[in-house]
Structures are given as structure tokens and as C-alpha cells.
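Engineer: Residues per chain are reported as follows:
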Amino acid sequence: MTPILDLRSVSAGYGPFHALFDVSLSVQPGEAVALLGANGVGKTTVARVATGLIAPSEGSVWVNGTEMTGAATFRFARAGVAHAPEGRSVFATLSVEENLRLSFRQSKGRRGVAPALDQAFTQFPSLARRRRMLAGDLSGGEQRMLSMARVLVEAPRLLVADELSLGLAPIIVDEIYNDLARLRSEGTALLIVEQQISHALALCDRVVLLEHGTVIWEGPTEDAEARVVAKIFDHAAGEEPPA
Amino acid sequence: MVLATALGEDLSRAFLQGLPPGSVYALIAIGFVLAYKTSGVFNLAFGAQAYVSAALYFQARLEWGWGILPALLVSVFILAPVLGLILERLIFRHLRTSSSVAKLVVAIGLTVAIPSLFDVLVGFEPVAGQTPTGIIPGGASVFYQPVGVYAFSRDELMAMGVAVVVMLGLAALFRFSGIGLQMRAVVESPRMTELNGIQADRVSAFSWALSSVFAGLAGVLIAPRFNTLAAPDFFNLVVVAIAAAAVGRLISLPRALAGGLGLGVFIAFANTFLPEWALSYPILAPIQDNVAPAVPFLVLFALLVLWPAVRATKEQADPLSGVDPPPPSLASHERSAGLTVATRVFAVVFFLTVGLVVFTQADVSWLFLVTQSVILSTLFLSITVITGLAGQISLCQGSFAAIGGFTVFQLSDRYGMSVLVAALIGAAVAAACAALLSLPIRRLGGVWVAIATLAFAFFFDAVMVKLPWVGGGGTSLLQGTRVPRPTIGPWDLGNDKAFLVLALVVFVVASLAVIQIREGTTGRTLRALRGSELASQSIGISPARSRVMAFALSGFLAGLGGAMLTMHQENVNYTLNFSPFAALFWLVLVVSLGSRTVEGAAQAGAAYALFEAIVLRGAVFGWIFRNTDRIPGIFPISPKWRFIIFGLGTIQFARHPEGLVEFNTRRAHRRAEALMARLGRSRAASPPEPDAPVTEESVP
Ligand SMILES: Nc1ncnc2c1ncn2[C@@H]1O[C@H](COP(=O)(O)OP(=O)(O)O)[C@@H](O)[C@H]1O
Ligand SMILES: [Mg+2]
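Chains as they are written, first to last, in the working numbering: chain A, 1 to 243; chain B, 244 to 943.
Bound-form chain B, shown alone (with noise of 0.2 Å):
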């Protein structure tokens, strides 16, 4: 009897305390799914679309003094809806008819970019305690008690009622307007609605306008929860909302309130039972200790592994796609023999001169930053691979390079073992997770993958790094996860000098590796599987096995780069290199500069150790000026341009997606070889009519 009210009475407190968390899900779930209904992105931007409401918000509150109707009017229908119509004009109407995960890949870029573009605009700087508050009077103080048992805050109450609210709005809006028809119309093909006499653009800027104004409020509405106001953790809750949204398979706003709600109610049972029945069956302790964190993780990778009906939302094709050229072929497939060995004599040389330059003028710093440039190339060929080469978008690399990381770790702590055979064991590891990883999902849709993967690594992020034999647990939060430099025979890699000296072989050997594959048949297999998986399938390639490979050799590279970079630094470092949010960071220099190309992934390696120093901190006036003085006094720039720069570069992935570089030396290309004609002609006695293959193009 006894036992049994106080059972009730933990269930019904567990039960409300999951539910303002569960409506903070809700809200978030509701508003990703109103974008990927109106216009088809799977926006992962929304997080920080909120993060910028949220930071408008409380830098008028409490910097600029003002109450809360102006505040929140600005921020939530001002500052939100004009950043979607801007989003929409300038980016996504050009992406309407680019596949999806182009889209993603452009979302993921503004994920990076625009709360580092809102910060250096405003000169807002989140300060760490610096609790926000809420859109009501005493939100986070008066509590109400409606049910007894647990108290209600009004921070908490304001959000549970305006995810009901919005939720039945906008379930009108898709019911009885035609607006809501018109919009999904749109989403599958712009065309098709404009042949209805109905103007596309305007739909889309409505729906983006809409779904803005909703990740606003969404962001004010949640704000308070934090601690300090930071964009990772509105991306983190992004990624839990997709969760709930999964539930709604991505399409049903009631579902998505449902899942949100359910979710929170769920860990909050989690939270409330585990540790009393861990009491009573020790066995349960890790459990509790590990998985209560990882449980919208898992619950969204259960969703997409297991349920069918997740991966059946695979979007229509836009029918009138047909109206598009088809997208161009790799530069260096088109250009001639003779322009084929300039480049790579260009190249050697280049590259010959940088590395003497390096090797005898460069200081320490100097030294770091290059090694470690050569370093992450490595680590950016895993992206070449599965991106480029496999057209998936894989968001877990930082996990698998972590593995690699903590694999050298391990082995030297443990076992003394020597390190560069440590790193091979940990690129291995990490290629074998990869390929267990890519198992469950090896049949799923693009997007899906992405998501997938990203999944995995917050549960990476948020369990295994937790673990001892992983991360070290204890210990290492003292002593940080140290690793020793390696030394082959007589040559002592702990001179900086010599260790550059192994990144470079590793790289030079990795990019080997890499153009072999591509060149040969699991690179022609994967390129047939980018094109179209049906037609492979019937010319008998099997999509699902080159794709475990693409992921096993991306797993390998990434951990091989993690290893390296590990033992670079003397420590894995996991947070500062390895966690999901970095890694968003990587995929986006990658994709922004070439996801095709050895060179992309160099650059990319480059770019990511190298452009700050030299450009934001404006160290190439130093070396023009000769003097580090007489460097201008705009610099150091915010380093948070280099998001900005980098992050808005994946738009034009869509648009181009073999990349910058790509796209450059096939401009340059097409120059040289104008000129070599134009030299080539002025010599000929007669000049061949440059106009004469248009006929011959016209024939099919």
C-alpha cells in the first residue's frame, strides 16, 4: 500500500518534471518540421537561427536596457524573419531544385557561420553565468503548483503553452489555407506549382519567413535553460529535436509535439528509476552512469535503423528536374595531356619551395602550424573519400579520428606500446567501426545518413569518451590523455622538424592511396552509385558494399589523421579537435574548398591551421612590409570570420560541388588552353573556326 503511493507519486513527479524539457523538444521539433515541410530543407541551421533571436534578445535586455515587448518584437519578428527571407533570397531559392543534401551540406554551413557573422555584427559575447532570462516577468522565480507534487516555473509553463498553441496554429494554417497547400506544393517542385500559376518564390519566402519567425521565439522561449548562451548547445538540441521530429517522421506536426513531449517524459523516468533500481541490481549502474545522456541519441538512431517508415519519407523527385543541364565532369578529366603535366610540375615546385621555406626560415609556431596543416589534410582525405568519392555525408569523422586518438592513448599507457604501431592499430579500430557503423545504415537515404552519423556522434561524444578504456576517465581529467612523440630507429620525432617530415609521407602516401581508388574500379563503382543507385543495381553493383568499404577506408584515414595529430600535440585534446561541433567545422573547409580532389583536402588542411595566422592576423603584411610592426591596424581580425568565410563557402557546393578549387582550375583550364590555342593558331597558316563544334555538339 505504502509502496505502491509512493511509486505513484515518483511516476506522476517524474512525469510532469519531463514535460517542460519535453515542450522545449517540442518547440524545436515543431519548428525543424515546418521548415522541412515548407521548403524541403533539412535545416540544420535552425539551431542557430534561434541562437541569433536568443542573443539579439538578451543583448537588448541587458546591455541595451530595453523592456521586454520591444526587445522580443525585434528579435523574434524583425531580426528572425528578415535573416529567413534573406536566407531564402539570397541561398535556398537558387538551391530549389539541388538535392537535398546539397541542402544539407549548405545548412551545415550556415550552422558554422551565422552565429560567428551575428557576434562580430552586434559585438555580442556570450558570458559563461550569465543566466538569460526569460520573456515574462519572474519566469525563472514564481512557481505554480497545478497538480501539486512538482512546481511549475512560468519560464516553463510559457513554453508547454506555446507549443500547444503553435502546434494547433499551425495545423490550421496546413488545413484550411491555401497557403499550407501551396508551400508543400513548392517542396516537391517549384516548377510544376509555377505551371499552376502560382509564383514559387513568393511561397518559399513566406515559408521561410514563417519557419524563422519560429526558431525565434523557439530560441528566446528556451534560452533561459542555459547556463551561457552558446551556439553548440542550441545545435546539440537540434539534433535531440530531430529525434522527436523523427517520431513524426519528419511530417506530422502533432507527432513531433508527441515525440518532444515523450521524449522529455521519457528521461525524465530514466533519470528518476535507473538510480533507484541501480540500488538494487548493481548491473545497472553503468547504465545508468552512461546511457540516461546518450538517450535521444539512441533513440534517433533506433528510429532510422528500425523503422521502416523513417527511411519511406524518402522526398519525390522534383518531376520537372529534367529542365536542369546535367552537372559538369572533374576538371582534370577534361583537360588536355599537355596542361596535365604543367600542373603537376607546378605543383612539385610550389610545393618543393614552400617546404624550404619552411624547413629553414620557419620558427616553432610557424613549424606547428604547417605540421599541423599537413596533419588534418590527411585527416581530410576520410571526407574526400566518403563525401566526394561516395556523395555521403558522413558527420561523424570527429569520432572515428577521436578513435584513433585514444587508441594511441590506450596502447602507450597501457602496454608501453610504441606509438607509430599504436596509430596504425587505431586507424584500424576506427576503420572497423566505421564499417560496423555503416552496417545498420548502409540502405539509407542520403539525408538520413547525415543524421544518422550525426547521431552516433553525440553518443560517442556524450558515452564512449566517458569511458576509461576509451578516454581515460579519471585520470586523464587530471593529467590530460598524454601521448609520447614516436621515434623510428635512430631519428627522434620529437624534433618538430623531422615529425613534419613523417606528416608529409603519411599524406603524400594517404593522397596515393586515395587517387588510386578513385582511378580505379571501387572509385568508377562509387561515382555509378552517386549517379543513380537504382541503374547501378541493375548493372549488378551492389550499393551496400561499396559503401561499407567507402566508410571502412574513411574510418581508416580519419583515424590515421587522428593518431597523427594526437601524437603532434602530445595529447588527445579531444574536446579542442574531435567534438561534433568541430567537426561540422571540418566537412564545411572541405566541401567549401573541394570534396573531389586531393588538392581540396589539402587546402582544406591548410586553410583550417593556416588562415587565421596568416590572414586574420594579418602576418602576410608583416612579411610584405618585412616587419611584423607594420602590420595594419585592422588586424588581428575576429577569428570567427574564418567560420563566417568558410561556413557561407558551402553555398556555392550546390551550385559547383566539385568545389572552389574545382571550380577555379577549370576556369583556369579553360583560359590556358584558349591561350595555347590562340598561340597555337597565330603560327598555323590557317586558323580553325572556332564556332564549328556548336553543330556537332547539336547532334545527339
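Excised from the complex, chain A in its bound form (with noise of 0.2 Å):
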């Protein structure tokens, strides 16, 4: 089968700073994987590798199939690639629906705005009653939903999330979780960079470990537990994980 995302060998960085090594990350349609590891070990540099926001330095991205190392990043959207970034996720200075409007109107077209927004909102309500609010004075926890909003309403092939969890109260973060797997069984593939490895684990088949920039372990999730969870707790003692 010809895997929705695939990295082959992939060093990428930032001006002179080198971020990662020789990292090869593939994900077949439907599957979902956890990428995990310590804080500033490149999970994000993946995900924005994976996702057209930098290009690599070698090696090369290929998305269903197509090469798209050095795309541009609207390309990728187009190809079904979906992406959670760190952090603020929405427009700040629009308003929640102009939010919604701006993404349906490029994915759905002029007439497919309407029924769509409908759809975000009643599946939204919280969203709806706050439609003409700038998105700039939502609660993180709002941010968040609106940008799921997004992604629920036109299931893309792939969700790259990038620390979904950061700074939501435990309830929330569920709410989220239970709709990234509600976006699984619709067939969408999944890409999650998290530091909450509970969320994580019980979600994805498989799980990639990162460290200093490459990849040092892959594997089904079952056999990545024990592993990861004692990884964290090393790391956190300050010693070197076994290899």
C-alpha cells in the first residue's frame, strides 16, 4: 500500500542549526501513530517537515505517492495533508466564523460554505453561540475545538497534531481526544506529537521515538510502553535510556 505520508532519510534544520538526522517516518492511510520523546528532541520539526512549513535539507517527503520535497505548504493542504500546529492554531483576528469560513470556502467552495458551517456549529455549540467573537479572545480550550471544528467537518487524509494537549484542563483534552477518534473511524490518518503519553498510546497502533534529532526506536504500541514510559521516567532521573 502506498503510505499517506512517507520521509525517507530526512535531515532539515534551521538556518545553521541542524534539528534532525536522517530521520525515514512513514504512515499508511488510516493508520495512527504516535511520535514521541523529551522536550527540543525535533517532534515538531517532523510534523512541520511532514507538513510543507520547512523544506528538507536532504533527503525527501512524499505524500500519497507524489514527491513533495520543497513543495509549498498550500500544496500539501491540497494533497489532504491537515495540520494542528503547536500552539495558537487559529486566526486571532478573525472572527470564529470567519475562521471556518476561510477554510470551508477554499475545501468546500462558494455554495458548500453554508451547509458546512452549520455542521461546525451544531456540532459546536459553544463555538456557535461565540461565531461573531475574534478567535483571538477564545480560551485555549476554544481555540482548540474551533480548530477541530475545522478538521471534523472536512475529514482530511491526514492530521498531523502537534501537542493538542498543552495547557487544556483534563476534560477538555478528552473532548479532543474523543474526536480524533471519531476522525480515525471516518479513515483519516493520524500524525500526534504528545508529551501526555497516556492520550497517545491508547489512540495509535504505532509509536516512533525520537532522540537528538533521530529516530531510535519504532514499533507497535504494545511493545512501546514499557519502553516509553521508562524512557520519560530516565530522562526525568537524568539518565541515558537504554538503547
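Watch out, some of these pointers could steer you wrong.
Unchecked claim - What follows is a list of derived Cβ distance ranges for each label pair: (1) A:Ser-24 <-> B:Ile-494: 43 to 49 Å; (2) B:Leu-328 <-> A:Met-133: 34 to 40 Å; (3) B:Leu-679 <-> A:Glu-58: 44 to 50 Å; (4) A:Ile-216 <-> B:Ile-494: 55 to 61 Å.
Just so you know, these hints were derived from the structure itself, not from any lab. Glycine included, C-beta positions come from ideal geometry on N, C-alpha and C.
The task is to assemble the complex, starting from two chains supplied on their own in separate frames and drawing on the hints.
Structural biologist: See the structure below:
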């Protein structure tokens, strides 16, 4: 089967700084992959390469069988790769409704906007109540919901989600993971970057462990659990994890 | 009863009279808001774009004899959008994720460069007194009196009609079309827009084309108001229009329209009633004479300072800015100690050689230019402090310098004070003014500081300079603001070489002071502030206080430079030296060549005074051939190239904020160090592995 996302020996960085070294990673259609690792190991950088936000300095990026190395970000989006970036992921200067309009207009065309809006607002009544509010004035949880609403209405082929749970209340995190599970059942492949590993492990089939910008382990979730837990705790104790 | 009717008639006449200029302000304000909303650029070059279309229109009509329609088509609907597309493609596309201050600086550079570039390319020469014509026949000669009381010309009606129609059209575009939303999204975060599958480049190209057409249209419509077509007048209008746009917090098109009309009417009221009231209340007379021309600048300043809503429209940072690598640090902080010594030795030898040549060989005119460049270097250090160290754009350094100059003039003229003492007092007065000015604006964000200082510069220009106790009033108009050269004991600095020595001493002392401050606590504080205001507040740095300090110091240096310039030219020469538009060019020069280092200021000083003589008049070839007759025929090149080259030079500010000098220094350092490494390695037995550091770097 052609993977929906395929990174082949990718190296990438920021100006003179190298963040990723020879990373290979693939996501099959409908599969859910968790990308785990301590702070600063390069998870976000992988997510950025996978969604076209930065071009790799070496190696290649394939989406659904087509080479996309160095292609513009919007081409990744049009090929069905959606990204929920780290931190704020909505337009703060646009209203809630305008945020949704912007993306529906692109994906569904002029006529598709109104039904898509209806769908989003029935699924997220709290957003409907705030539709005229500036998205920048929403709480962190509501902003997350807004970016999820966008994705849920127009299920992409692949969603790359970077630390969705960061700074959110546990109830909201649960809610967001419910949404992700639903997306999965609709056939969307997931690449999940997470610090809260329990949620990620419950959702995903496969785990990729990253350290110092390289993949140090990958395998099915069942085999990963002990290893991941050990790794995180070892790190907390300041020791090197087992190779 | 009679009085009431009279008052009523005056009122309505003033009201109607205010509408035509008001609609001109409104046109530009709407265009400015449009550009800001759709490109995120605080586009001070809007006036320059308007100028270009207006100039082409009149060149085509008057010189080439074209009809109205083809001239309008080419100037507004072809040239303007093409210019906008070029600006977007070559410049602003690459700056989308730069700071708003960086974009503002580039826009200032373009303000200086674009009109000159156009004039040179098209061969346009503004002719004094040749009144441009409008876009409808009989625009200035056919009048209508729709309400009685006041007669509108066709041109005026046209401008008003276009302002209203365009505002409605744009409002509809934003409300009903997808592109309006996309343009706003791109302004906040081009990358996040692309994540939605939208091609950000295309959207921003469209927005630049649109706002440029609008600039061109505004230019052609308002040109008939001017006696002579001149780029600074357009710039002036833009500043007035910003006041109108600020009423709508720079984002509301309808309020920009209302703000423009309101401003026009308000000024008309002031012009109608103040003279009447001044007859009965003499107290009002000075206000009537002085304040009326400055109303827009006062309004702008007051809006910025008093209305929190304007300041609150700080742009949202791009949430995806973390994708960009961090900016580099100063080259001199990275270089090795050996290289530092080597560059210092080289600099000293170089300047001693130049100095020797100047003192033994130069004639009067070269001596003048060299002295001027040294003085300007001192003056430009004030920009090093405020822009390079504090990261603020001040557009009123010309006013501070003029304060220094005028103080010397007043003190020596009225009290016969020694000019050297007066120069120090002048610098102190300028420092005090700068500190005072910085108090109300100390909490404004970067772009707003630039606009507030610009408003101050225009206020100074319109009001202060005309006051007898500043600019000297009527007598100086006849005699000029004359100032003698100083004498120190036995040395008469009327001698040009002696004065050059004084200028050099002042520059060296000022440079050492700036370096001292840059490397000291204040410098570190300011650097921290430039990095992140919030972060530095949380470690107990007060941004307000350091900012006031930076302004005071900068004002002092500017005042000192202005005083020196005045003594050197033995005249203040306000318009030539210190007008707001001239001061824009200073900023452009310093920023182009390097706003963070003393070398940058020195090179900017040299460039200002010497570039024209050496490069544009071809003197350099005269030296090479040892014969001024053999300077190639293409010289002299138009002095406008100075504006073009350095104006466009600001573009690299956004990419290399350290400036050209720094950029080249850094490159030279890298090469020198590579060379030294290679030399060292060929001698050493085991060469170090060049690729080894990569893995070290990768470890966070
Ligand atoms: N814009 C940037 N410029 C320079 N270095 C960066 C930038 N963004 C991230 N880095 C560095 O790249 C490395 C990987 O970062 P990141 O991918 O954000 O890690 P993670 O998401 O795993 O915490 C870190 O060392 C980080 O400091
Ligand atoms: Mg991260």
C-alpha cells in the first residue's frame, strides 16, 4: 500500500542549526502513529517537514505516492494533509465564523460554505454562541475546538497534530481525543505528537521514538509502552535511556 | 436674528469648504487602511506610489499630448498595479514574516527611492507653477452650487464621489468575497493561511495590485490641488491621512472616510472662526497663526497618546513564526580576539592615511565635504542609539538636530554667547525635548513610535520653526539664521582645517560614548528590551525608563550634530538640512549601512556627503586618470541616484537587520578566519576535522 506520508532519510534544521538527522517515518492510510520524545528532540520539526512548513535539507518527502520535497505548504494542504500546529492554531484577528469560512471556502467551494458552517456549529454549540467573537479572545480550549471543528467537517487524509493537549483542562483533552478517535473511524490517518503519552498510546497503533533528532525506536504500541515509560522516567532521573 | 443667520451661513460654508480637502484626506486614508489591512505593511510609500501615477499621467497629458482616457488607463490601471506587483514580488513577499518595524523601514526607503527612480527612468522634471489638470474636462473651471453658499469644482466633486464609491466597493469586497477574508488571513499568518490550502503568494500579490491601483487613482485625483507636483507634498498628505485613518484604528474603511471628511471640515472651521474670534479675543491670535496648519499632526499625536484603542490594535504575532531561524548576533561579538586587533589596526591606519591626504591635499570644497561627513557621522550616531540599540524608529531626528542648531543661533545672536557653549546647551535642550517627547509615547509599540515622532517632526516643521524664539521669525527670513564659527583660545576655528579637527574630536568622543553605552548596562537593557518586552519586564527591567534614556541620549547626539552642522555652514539652513523629508533620508542611509555600529554611522555620514561627489560626479575616475578632463561622459549621473540606491538599500535591513556594513564584515570575518584556519592547519601535524562540530551543535 502507498503510505499517505513518507519521510525518507530526512535531515532538516533552522538556518545553521541542524535539528533532524536522517529521519525516516511513514504513515499508512487510516493508521494512527504517535511521535514521542522529550522536549526539544525535534518532534515539532518532524511535523513541520511533514506539512511542508519547512523543506528538508536532505532526503525526500512523499505524500500519497507523490514526491513533495520542497513543495509549498498549500500544496500539502491540497493533497489532504491537515496540520494542527503547536500553540495557537487559529487566526486571532478573524472571528470564529470567519476562521471557519476561510477554510470551508477553500475546501468546499462557495456553495459548500453554508452547510459546512451549519454542521460545524451543530457539532460545537459553544462555538455557535461565540461565532462573532474574535478567535483571539477565545480561551485556549475553545481555540482548540475551533481548529478541530475545521478538521472534523472536512476530514483530511492525514492530520498532523502537535501537542494538542498542551495547557488544556483534562476534560477538554478527553473531548479532543474523542474527536480524534472519531476522525480515525472516518478513515483519516493520524500523526500525533504528544507529551501526555497515555492518551496518545490509547489512540495509536504504532509509536515512533525520537531522540536528538533521530529515530531511536519504532514499533507497535504494545511493545512500546514499557519502553516509553522507562524512557520518560529515565530522562526525569537524568540518566541515559537504554539503547 | 441677523447674527444667527450669519453664523448659520458661515457654518454651512465652512462645512462645505471642508469637504473637498476632506475627501482628499479620506481617499488617501482609505487607501492606506486598505494597504495596511491587506498587506500588513504600514505603507508610508503610499504617497510615493500616488506620486508616480500622478506624474506619469501629467507627463503623458502635457508632454506627450495623450488623451485623458489612455493617460488614465496607463498611469492608474497599468503602471500602478505593475509597480505594486513588483514591490510585492521583489520585496514584501520576502518580508512577510519580518517585524512590522522592519517593513516600515523598507517602506520609508521606498518613499525616498521610488519618486527619484521614476523621475530618472521617465525623464520627468516637475515644473514649478505648472498646475496639473484633473481627469475630467473643465475640472478646475466648471463650478456647481448644489446647496448655494459654496461652489464645488468638478474636480472636487469627482474626488468626493470617488471616495464614497470606492469605500462602498471595498467594504462590499471585504464583506462578500472570499478574497477579502484571505487577504486579512495572510496578514496575520501567511503560513497558517497556506495550511488551509490557500496560495498565500497569490493573495498578497492581489492585495498589492489592488492597493496600488488605489494609490494611483488617489494620486491622479488629488494632483490638481498642487501648484507643482512634488513627492514630499504627497508624503505630507499621507501623514495627514494617517491621522484620519487612525480615527478608524487603521482597520475600518468607513471610519477612515469619516475621519478624512471630519478632519477637512474641522480645519475649515478653524480657518473660518479662529480669525473672527481672534479679533475679539487677542489671546487667540497666536493660536490662529500657528496651530491651524498643525491640526492634523496634533490630532494624530493626540489620538496615539490619548486613545488606548489605537495602541491596542497591535498586530497579532504570527503563531508560526517559530518556523524561522533566529537572527544572527553582531559580527564583532563573534570574531576572535586576534581578528579584532587586526581590524582595529587596519581601521586606524586607514583613517590616518585618509586624514593625511585630506589635510595636505584637499581643496576648499573637498575639505567642506569631508568635514560635513564627519559632523553627519556624529549626528547619525543618534540614530545608532535610538534605532540600533533601542530598536525604535524615530522620524524626528531632524527636529532634534534643528533644536541644537537653532539654540546656537539664538544664544549667539541674542546674547553673544560663545557658540561652543551654546552648542552644548543646544544638545542639552534637544536631549530634554527628546526625553519629554518620549514620555507620552514610551508605551507605544514600534510602528506607533515611528508615527508619533513623524507627527512631531511635522508639528515642529509647521509651527515651531516659525516662532521668533526658535527659527528667528521675520528677520531671519531676510538675513538667514547666521551663526559665527567658534574660537578656542588661540585657535580660530574659522579656519576650515581647524574646524575639521574639532569635528573629528567630537565624533571620536561621541563614538566612544556610544560604544561604552552599548557594551554597558544600559546597552544590555536596551538589547533585552528589543528582544522581548514582556520577558525583560519579568526580570525587572523597566522598558519605559530605558526608552526615555535612549531618547534623551539620542536627542543629545542629534542636537550636538545639528549645532556642529550649523557652525560649519555658519547658518542653520533649516529647510535644506533638517526638514522632515530630509531626515527620512538620514534614517534610510544609516539603516542601509548599519544601524548598530559606529562604523555604520561613519559610513552613512561619508555616504551622505561624499557619495555624490565621488561616485555620481565621477571624481573617482578623475583620480584614477589623474585628470579631471578624462572623467567618462556618462558623468555626472543624476544626484537622484543617491536616493534610489540607499532607498533600495533599506530592503536588506529586513533580511540583515545588522546592515550592509555588518553583513560584509561578517562575511569578511568568516573568510579571514577560514584562511587563518587553513594556514594554521597546513603547519599543524594533524588537521582538525572540519565537520566535527555539526553533531555537537545538534545536541540541545
Ligand atoms: N526557529 C528555530 N530556530 C532555531 N532552532 C530551533 C527553532 N525551532 C526549534 N529549534 C530547535 O530545534 C530543536 C528541535 O525543536 P522542536 O522540533 O521544536 O522540538 P520538540 O517539538 O521535540 O520539543 C530544538 O533544539 C530547538 O531548540
Ligand atoms: Mg514541540
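Engineer: May I ask which of the numbered hints given earlier this structure violates, with the numbers listed in increasing order?
Structural biologist: 3, 4
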